[in-house]
Structures are given as C-alpha cells and as structure tokens.
Amino acid sequence: MNKEMWYQELGFEENPFTIKPVKHRDQLVGVDEKARDIIKLIQAGKVVFITGDYGRGKTSLLQRIIKRFQGQRKVAYFSGNQIEKHLDMDSILINAGGFFSRLFRVKSEDVILLLDEVQDLNQNDVDEIVSAYEEGYLKSVIIVSAQLSPQKADEMFGGLIGKNTFELEGLTEDQALELIKSRVGEIALLPDEVILRIHGIDPNPRSILKNCEDVCKFAVESGDEKVTEDHIEKVLL
Amino acid sequence: MAWYEELGFDEDPFGMDPLERNDEFIGREKVREDLIYRIASGSMLLIVGKEGIGKTMLLKYAIDQFKGQGKVIYIDGDRVGKRLNIEKLLLKGAGTIKGGILGQKPKGMILLLDNVHNLSERNNKRIKFYFDQDYIKSVVFTTSDYGALSFTESIKDRIGKRVIKLRELSEDKVVSIIRNRLQGNSILSDEMIREIYAVSNKNLKSLVENCGKVCEFAIDSGDESVTKAHITESLSRLDGERTGKKVEECHECGEDLVQIGKEWRCPHCDTYCTNCGAFIYDEDRRCPSCGIEFDEEGEKDE
Chain A
1136 MNKEMWYQEL GFEENPFTIK PVKHRDQLVG VDEKARDIIK LIQAGKVVFI TGDYGRGKTS
1196 LLQRIIKRFQ GQRKVAYFSG NQIEKHLDMD SILINAGGFF SRLFRVKSED VILLLDEVQD
1256 LNQNDVDEIV SAYEEGYLKS VIIVSAQLSP QKADEMFGGL IGKNTFELEG LTEDQALELI
1316 KSRVGEIALL PDEVILRIHG IDPNPRSILK NCEDVCKFAV ESGDEKVTED HIEKVLL
Chain B
770 MAWYEELGFD EDPFGMDPLE RNDEFIGREK VREDLIYRIA SGSMLLIVGK EGIGKTMLLK
830 YAIDQFKGQG KVIYIDGDRV GKRLNIEKLL LKGAGTIKGG ILGQKPKGMI LLLDNVHNLS
890 ERNNKRIKFY FDQDYIKSVV FTTSDYGALS FTESIKDRIG KRVIKLRELS EDKVVSIIRN
950 RLQGNSILSD EMIREIYAVS NKNLKSLVEN CGKVCEFAID SGDESVTKAH ITESLSRLDG
1010 ERTGKKVEEC HECGEDLVQI GKEWRCPHCD TYCTNCGAFI YDEDRRCPSC GIEFDEEGEK
1070 DE
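Residue numbers (our numbering), protein chains in the order written: chain A, 1136 to 1372; chain B, 770 to 1071.
Hints listed in this document are in silico derivations from the structure and should not be mistaken for laboratory results. Since the structure is predicted, the reported quantities are computational estimates derived from the model, not experimental observations.
Here are the simulated DMTMM-like cross-link-like pairs (lysine to aspartate or glutamate), alpha carbons at most 20 Å apart as the crow flies: (1) A:Lys1352 x B:Glu798; (2) B:Lys930 x A:Glu1368; (3) B:Lys982 x B:Asp781; (4) A:Lys1369 x B:Asp803.
Use the sequences and the hints to build the structure in full.
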C-alpha cells in the first residue's frame, strides 16, 4: 500500500470517478430536470415509473429523491429484500417474510415508497402495494426497472402510472463535459476533446466515468501529462 | 530419515503451500497491482482463472494488504453454498447487532467472494445495494467457470470490463519457482520439472505437491536424481490411490456423499449446514454448530 495511486498524484484523496450513486447525489448531471419533475409528482402523490438501460443513473436518481425527502416524510427504499427507512437515518432490517405487510403495519402516515429494480416483482406484491396506495398508506410510489416496459409496468399497476413514465437516456456531449468537470474540474490531463471522444465510445454516465478513470490512470502511470488517442486505443478499444 | 534430510534440507522444500509464499507470485506483479488498485479505488472486479491457478492466493494477498483498513470479508462460495445470506455476513462482519435497528452502519467494507458460481439473485441485489450505498467499498469476485456465473445485469454492468484473466504460469517461470525451492540441489532437472508440471495439469499447487512425491520416490528407490520412470511410477501410484479411495454412499438412497469439513453428508437425504456439515433442522435460521446465518428463503431463490 505504499504506492501512490494516480489520483493521489493529482491531489485527489479518493478516486474522483467513483461510480457509487450515493457519493455524488448532489451533482446529478443529465437528470436534473427529470428529478425536478419527479419530485413534483411525488408531492402530488402520484405513482411514477422510471426506466432506462443499466448505468444511465436510475439508482442515482433515487438517491437524489431520498435526499430531497429524508427528514420530512417517510421514505422507504426497497431493493431486493433490503429496506431502508430514511426518516431518521436509522435503518430497519425486515427479517421475516411478509415484507410489505410488515412495512405497512409499521407505518401509518403516508410513506413514499421507492422500488428499485423491480423487474421480478410479482403481481401479488404489486397488488399489495396498489391497495396500500389506494387506502392512503402510501403517499407516492416510484418504480424503477431497466427491463420492464412502461406499458407492462402500467398494466401491472392497474393504470396508476399513466403518463408518469421517465426514460433515462445517455448523456449529451455537453452533459458529459459537465459530469466530468463536476468531478475533477478543468484539468490538463483530460482536455474537452478527450472527454468527447470517450463520450462517443459510450454515452452512459457510468461508462463515461469508468472509461475516464481507466485512461487517466494509464496516462498518469505512463508519466504523461495529457490523455491521448493512443492511450484511449490501448485502454478502451 | 526423511527423503529431504538425505538431501541436506532441514524441512521439506515442497512442504509449503505456494499460497503462503509471496515470492512465488513471479509473473503476477501486474495482476497484483491491478487488484490492489481496484480495491483501493472502489470498484467491482472479477478474477477468472482455472482451478489452482492462484485466485485464492491473490485474495489472500489482498487481505494482507488491506487488513486493518475497514473490514475485509472473505467468503468462499464453495463452502457456504446457496443459503448464504451476504447481508447478514456483512452486518456480522461490521460488528453490529443482528436484528432490530442498527446502531452503526458498516462503511467501506471490502468483500472478497471466492468461487462465486451460483450467486442467488437476492445476494446479487444485496451486493448491489451495499456497494451503491458505499457500505461496501469494493467487491472482488473469483470464478474458475465464466459460464457458471449468475450475475444480474446490474452487477455485470458495474463490473464492466474490469475482469482479470489469470493465465497459466509459463514453464520457465515454473522451473524457476521449483529451482528456488531446491536451493541449488539438482535432484530435479529442468526437463523433469516441465514433465511434472504437465502431469499436474499446469496447476502450481499440485506441481509442488507432486515434486515432493516424485523426489521422495526417487530417494526411496536409492537414486540421486529424478527420471521419467520415477515420475510415471510415483504419479501413477498416486492415481491408483486416488481411484482406490472409495467415495462413501448414502445408506438410504445410494447417492454419493459429499464431504463438508470432516463430515460426509447426503445431499438428498440429509439436512445439514453447508458451511460446516453439522446436522440442522429445516427451520433453523442459523447453524447451531458454526453459527453461520442461513438465508430464510435461500433454497427458493432460483
């Protein structure tokens, strides 16, 4: 562990291109406007569906929503069998079966339910959620899935989603520049044309971050001051 | 007098597992560096390589490097089986009280998942969640069978191209490893080392063991250096031993028993802990013997 990492050589304490949604939830490039719209819909008590390919920022968007509402309302985040209550930063692990019923028994006020990666949610669970929503236990429900189509999701939720579907896309060139600059600022190592070149390989935010990390590491370790096409070819292509 | 004492060694030069010898990482410096970088910078990494090629050795190296900085959790998928509940292991590893409200959230853990075939969907989701929340800083998976992996798309996308493929050590490197162990003794010629390496299916660990067996056989036969005949005879004798070893059969259904720890169990008729082999009841949530937690609905996952 004596060896200095490339980013430490540049003065960063940690890897600036981390792909962890929780670490950069204040800076959500490319989905800001969508986040605002979704937050409005939540306040209006709607059921919202978010889709988009892997690495487009679905979980990051959820993190943003959690941050927005935590402390004011009960936000329940559900992924796999993991539930986190963000009311008071404590988390509760539900151990036994009957997950949803347990959740609703625990809480009586209106809860915002965030369902991450629900492609395999079965209709029974969905029906339970729908009736909890209709009975007023749930203020709003946000459903996230890369695989479910908006039509299918709407069918499963008995038409409650309607037009409230958001599809996340890859970043535009400007957004790619914004994303990278939000992480490292203006650095000579990574000129705009290189960022755009990397964006051209894959416009998904997670891929852009990973690719930037790998070319920067390679360039720094090769003793170069600037990422070049040659580095990109060696590392990414 | 032991064969190696006749050669002037105090200890069996082939007695130590390559896992425990750092100097036998010859040729793996780059891989080691990559591994340490990926763990330190926070990512998911997959190591692929044939059985015995040194995957566990790499993970042990990582444990050594990172111990004391956050929690390093090592899980051998071959030993814990499908009922593993990663979440509980993580929480236990983080020293939190099981159940109820967690006083303190684990942060920055490093999860090393050796032999990760058949990871349940539930565990996939748990790992994704803990990783995204940064409770887990980094995850390293290893497998000998790329085709048997059961990652969800979410995990696959997080790993992306971060895959290290371990290749077999070249014959020259293997020769230098064995030469190094023999410290100038010439009982094994380079050619014979290559020969044993081939017979050992290019597996470093079996090569080391087999070198010991062959040398012992040669010395016991009163010869000073190993010949091809020694290799054939000693290793075919070993083969005989291996095939001669009877796999126990279940008294009830006749199926082959599997060995877990020191116990032999029938996968068909017995209900047992996949970690230690102790008998358990269906409704047990944790093993009364080794204390490992089971996934409540583990078997129903698939």
